[in-house]
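Trainee: Working from the sequences, and respecting the hints, build out all of it.
First to last, the protein sequences are chains A and L.
So the first sequence is residues 1 to 259, counted in our numbering.
So the second sequence is residues 260 to 553, counted in our numbering.
One thing to keep in mind: the hints can contain errors.
Some, not all, of what chain A presents toward chain L, calculated at C-beta under 10 Å [said to hold, decoys possible]: (1) V18; (2) L63; (3) G81.
With a cut-off of at most 20 Å between alpha-carbon atoms, the simulated SDA-like pairs for lysine to any residue come out as follows [stated by the list, open to error]: (4) L:K303 with A:R255; (5) L:K303 with A:V242; (6) L:K440 with L:Y429; (7) A:K253 with L:L371; (8) A:K253 with L:L364; (9) L:K439 with L:Y353; (10) L:K439 with L:M545; (11) L:K303 with L:N510; (12) L:K303 with L:G516; (13) L:K303 with A:V128; (14) L:K303 with A:F45; (15) L:K440 with L:H357; (16) L:K439 with L:G453; (17) A:K96 with L:P281; (18) A:K253 with L:I372; (19) L:K439 with L:W375; (20) A:K96 with L:H357; (21) A:K96 with L:P288; (22) A:K253 with A:V242; (23) A:K96 with L:F283; (24) L:K303 with A:V108; (25) A:K253 with L:V368; (26) A:K253 with L:K303; (27) A:K96 with L:I372; (28) L:K303 with A:K96; (29) L:K440 with L:Y353; (30) A:K96 with L:S280; (31) A:K253 with L:W375; (32) L:K440 with L:P466; (33) L:K303 with A:S123; (34) A:K52 with A:L15; (35) L:K303 with A:V111; (36) L:K439 with L:N514; (37) L:K303 with A:G126.
Partial chain A-side listing against chain L, Cβ under 8 Å, derived [to be verified]: (38) V13; (39) V28; (40) P29.
Everything labelled a hint here was simulated from the structure, so no lab data went into it.
Predicted model, so just to flag it, every value in this text is computed and none were measured.
Here a beta-carbon is modelled for each residue, glycine too, at the ideal position from N, C-alpha and C.
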Amino acid sequence: MNTLRRILFWLVVGLTAVFLLLPTLIIVPMSFTTTQTLEFPPVGFTLEWYGKVLGASDWQAALFNSLVVAFAAAILATVIGTAAALALHAYNFLGKTVVMGLLLSPMVTPVIVLAVGMYMVFSGWGLVATRAGLVFAHTVLAIPFVVVSVLASSRMVNPSLAPASLGLGASRWFTFRRVTLPLIMPGVLSGAVFAFITSWDEVVIALFLADAQTRTVPIMIWNQVRTNLDPATAAVAAILIVLSALGVLLSHKFREARS
Amino acid sequence: MTVSTNDRRESVTAGPLSRVSPAFWLIAPSVLFLALFFLFPLLKLVAISLPGGSMEYYDQIFTTPVFLRVIGETFRVSLIVTAVTVAIAYPYAYAMAHGSRATLLVLTVALLIPFWVSLLLRSFSWIVLLQNTGLINDFLIAAGLIDRPVRLIRTPLGVIIGMVHILLPYAVLPLYTVMKKIDLRLMEASSICGASWLRGFARIYFPMSLPGVAASAILAFTLALGFYITPALLGSPRDMMIAQMIAGQFNEQLNFGLGAALAVVLMVLTAMAFGLFGAARTALQMRGRRKGEI
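Mentor: Encoded structure:
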């Protein structure tokens with residue numbers, strides 16, 4: 001490569017990196033501004049917006065809803081997703097490809113299609129405007145992530161360990177609890193973190209299924225963004241980003257533990 | 260479901276339930292759950308879109324200018340976004356694949372940080388950046404490129420910027436995977452044989468990276484078709500995409516049949532685009548296998 005082309009190339013790559021990082025990096029500083037409007041660069045430093053958000057009862061209720069729904073969806077998706085991944089890994093059966101396709105297809109279905117479909121069906125079942133409805137919907141979205149994560153860690157386990165345990169007289173359940181599960185634990189935990197974040201960030205389905213009592217944090221943000229942009233929104237966004245970052249670090253730790 | 264396993268203990272245990280392999284009991288909960296809460300809602304949409312087996316809603320969609328315009332706009336925006344995304348992703352993936360370890364680390368971190376921040380928050384951030392008093396306009400004015408703020412939000416340009424930002428990581432990763440396997444010594448060889456860099460790139464590197472380009476373009480396009488949040492927040496209602504139209508039929512027009520038919524159209528378009536993705540991957544694998552034989 002000649003020099004000019006080299007400079008141009010790295011300029012494009014550098015600008016792309018800035019483009020990627022810019023929107024994420026400005027959110028946290030913006031939440032400290034002392035102005036009434038969103039400013040970047042921020043003016044002064046205050047924690048007032050955090051106090052305002054954390055002290056407001058509607059934000060508290062939304063935070064509570066988000067946490068309950070995300071925990072429940074993560075647990076449900078992790079349990080049934082892990083079971084499915086174990087079967088897909090250890091057994092051959094007719095229709096395995098079809099099952100695999102079904103388990104992964106929520107990942108590629110446009111979420112607006114899921115949202116309106118669930119809205120129509122759930123309203124007949126009395127699940128609209130309930131936390132249970134949100135949990136089921138978010139579990140659907142989260143299952144593929146758990147399956148992928150657990151399958152990946154199952155492939156790294158020595159395949160002769162479980163038969164060895166069974167051959168030595170251990171029961172199937174004992175083998176699962178004491179041999180298989182500890183070995184695939186990193187995949188299970190990082191799948192659970194993925195599932196939690198999927199629910200925690202989800203807004204489209206929640207827009208259709210939640211009401212004023214069951215609305216989650218993303219819905220509050222959506223409403224704020226559409227009506228009045230103020231630094232309080234940036235404060236909530238900053239809280240969400242920090243929580244996501246913690247999640248990423250956690251799942252990274254689990255993966256390191258695997259290798 | 261017929262189940263076969265190589266576990267010898269299977270045949271020893273008796274009782275009607277233990278005849279069924281454990282695989283069935285492990286798979287059943289998730290399949291049942293998805294059948295109930297995922298497949299059934301999708302089938303319900305198909306049913307609502309065909310009242311009494313009549314195709315009236317589909318006729319309406321494919322004969323009314325307003326719906327055709329929204330579908331056309333969805334394709335137009337998705338194609339532009341795909342082209343821009345892949346064009347930016349290509350050099351980025353190249354730098355990741357052939358740069359130093361430090362470059363790879365920095366570029367990977369820059370790629371993954373936004374990947375982990377939700378779509379909603381990133382669209383929110385773009386509103387702040389693109390507004391009349393936002394950083395982008397401030398910068399352009401300070402640089403002397405413009406005299407007064409340019410309108411960027413509530414325009415197609417704003418939507419394209421926001422969507423490219425969200426799709427970039429999805430486009431870079433398949434490109435990187437393919438480029439990592441390309442041997443740069445081939446380019447050296449071509450240059451020793453007297454070919455210019457451009458000629459070597461056009462005749463050797465680019466064709467070898469083509470499976471990655473195809474995979475990343477199709478992935479970006481498939482995801483772009485269904486975008487809802489970004490166009491709703493950064494675009495104007497005039498340049499609506501199909502996902503917004505679907506939401507509108509359910510929220511405002513309360514025309515569930517038409518909304519369901521639009522949703523089925525989007526589902527089919529996405530499935531078709533994703534089918535292309537599968538074909539591109541198969542082509543990629545065959546290419547790899549052929550290379551392995553040499």
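Trainee: If a hint holds in the structure, say so; if it doesn't, say that too.
Mentor: Here is what the structure says about each hint:
1. Checking V18 (chain A) against chain L by beta carbon gives a least distance of about 8 Å; that is within 10 Å, so the hint holds.
2. Interface hint status for L63 (chain A): violated, as the beta-carbon distance to the closest one in chain L is roughly 15 Å, over 10 Å.
3. With 10 Å as the threshold, the beta carbon of G81 (chain A) comes within range of chain L, its nearest partner Cβ sitting at about 6 Å, so the hint holds.
4. Restraint check for K303 (chain L) and R255 (chain A): not satisfied, since their Cα atoms lie roughly 40 Å apart, outside the 20 Å limit.
5. Restraint check for K303 (chain L) and V242 (chain A): the C-alpha separation of about 39 Å exceeds 20 Å, so the hint is violated.
6. With a CA separation close to 19 Å, the supplied pair K440 (chain L) and Y429 (chain L) stays within the 20 Å bound.
7. With a CA separation close to 16 Å, the supplied pair K253 (chain A) and L371 (chain L) stays within the 20 Å bound.
8. Proposed proximity of K253 (chain A) and L364 (chain L) is supported: the alpha carbons are some 18 Å apart, at most 20 Å.
9. Proposed proximity of K439 (chain L) and Y353 (chain L) is supported: the alpha carbons are some 8 Å apart, at most 20 Å.
10. The hinted pair formed by K439 (chain L) and M545 (chain L) meets the criterion: a straight-line CA distance of about 17 Å does not exceed 20 Å.
11. For the given pair, K303 (chain L) sits about 18 Å from N510 (chain L) by alpha-carbon distance, which is consistent with the 20 Å threshold.
12. For a cut-off of 20 Å, the pair hint linking K303 (chain L) to G516 (chain L) stands: about 11 Å separates their Cα positions.
13. As the CA atoms of K303 (chain L) and V128 (chain A) are separated by approximately 16 Å, the hinted pair is consistent with the 20 Å bound.
14. Note on K303 (chain L) and F45 (chain A): the hinted pairing is violated, with a Cα-Cα distance of about 52 Å set against a maximum of 20 Å.
15. For the hint pairing K440 (chain L) with H357 (chain L), the CA-to-CA distance comes to about 10 Å; that is within 20 Å, so the pair holds.
16. Simply put, K439 (chain L) and G453 (chain L) have alpha-carbon atoms about 25 Å apart, too far for the 20 Å limit, and the pair is violated.
17. Only pairs whose Cα atoms come within 20 Å are accepted, and K96 (chain A) paired with P281 (chain L) is accepted, the gap being roughly 14 Å.
18. Proximity of K253 (chain A) to I372 (chain L) is assessed by CA-CA distance (about 16 Å); at most 20 Å being required, the pair is judged to hold.
19. For a cut-off of 20 Å, the pair hint linking K439 (chain L) to W375 (chain L) is broken: about 24 Å separates their Cα positions.
20. Distance check on the hinted pair: K96 (chain A) and H357 (chain L) sit about 38 Å apart at the alpha-carbon level, beyond 20 Å; violated.
21. Restraint check for K96 (chain A) and P288 (chain L): satisfied, since their Cα atoms lie roughly 15 Å apart, inside the 20 Å limit.
22. Restraint check: the Cα-Cα separation between K253 (chain A) and V242 (chain A) comes to about 16 Å, which is no more than 20 Å; the hinted pair holds.
23. Our distance criterion of 20 Å between C-alpha atoms is met by K96 (chain A) and F283 (chain L), whose separation comes to about 11 Å.
24. With a C-alpha separation of about 19 Å, the suggested pair K303 (chain L) and V108 (chain A) falls inside the 20 Å cut-off, and the hint holds.
25. Restraint check: the Cα-Cα separation between K253 (chain A) and V368 (chain L) comes to about 16 Å, which is no more than 20 Å; the hinted pair holds.
26. A C-alpha spacing of about 42 Å is found between K253 (chain A) and K303 (chain L), which places the hinted pair above 20 Å, so the restraint is violated.
27. A hinted pair counts as satisfied when its Cα atoms are at most 20 Å apart, and K96 (chain A) with I372 (chain L) does not qualify at roughly 35 Å.
28. The hinted pair formed by K303 (chain L) and K96 (chain A) fails the criterion: a straight-line CA distance of about 25 Å is larger than 20 Å.
29. Distance check on the hinted pair: K440 (chain L) and Y353 (chain L) sit about 11 Å apart at the alpha-carbon level, within 20 Å; holds.
30. Pair hint K96 (chain A) plus S280 (chain L) holds up; C-alpha atoms about 14 Å apart against a cutoff of 20 Å.
31. Under the criterion of a C-alpha separation no larger than 20 Å, the hint pairing K253 (chain A) with W375 (chain L) is consistent with the structure, at around 16 Å.
32. Distance check on the hinted pair: K440 (chain L) and P466 (chain L) sit about 13 Å apart at the alpha-carbon level, within 20 Å; holds.
33. With a CA separation close to 12 Å, the supplied pair K303 (chain L) and S123 (chain A) stays within the 20 Å bound.
34. For the suggested pair K52 (chain A) and L15 (chain A), the alpha carbons sit about 36 Å apart, so the restraint of at most 20 Å is broken.
35. Between K303 (chain L) and V111 (chain A) the CA atoms are separated by roughly 16 Å; this keeps the pair inside 20 Å, and the hint holds.
36. Annotation: proposed proximity of K439 (chain L) to N514 (chain L) is violated, straight-line Cα distance about 50 Å (limit 20 Å).
37. For the hint pairing K303 (chain L) with G126 (chain A), the CA-to-CA distance comes to about 16 Å; that is within 20 Å, so the pair holds.
38. About 4 Å separates the beta-carbon of V13 (chain A) from the nearest beta-carbon of chain L, less than 8 Å, and the hint is met.
39. The interface hint given for V28 (chain A) is violated, since its Cβ lies 10 Å from the closest Cβ of chain L, which is over the 8 Å cut-off.
40. Taken as an interface hint, P29 (chain A) does not check out: its beta carbon lies about 11 Å from the nearest beta carbon of chain L, beyond 8 Å.
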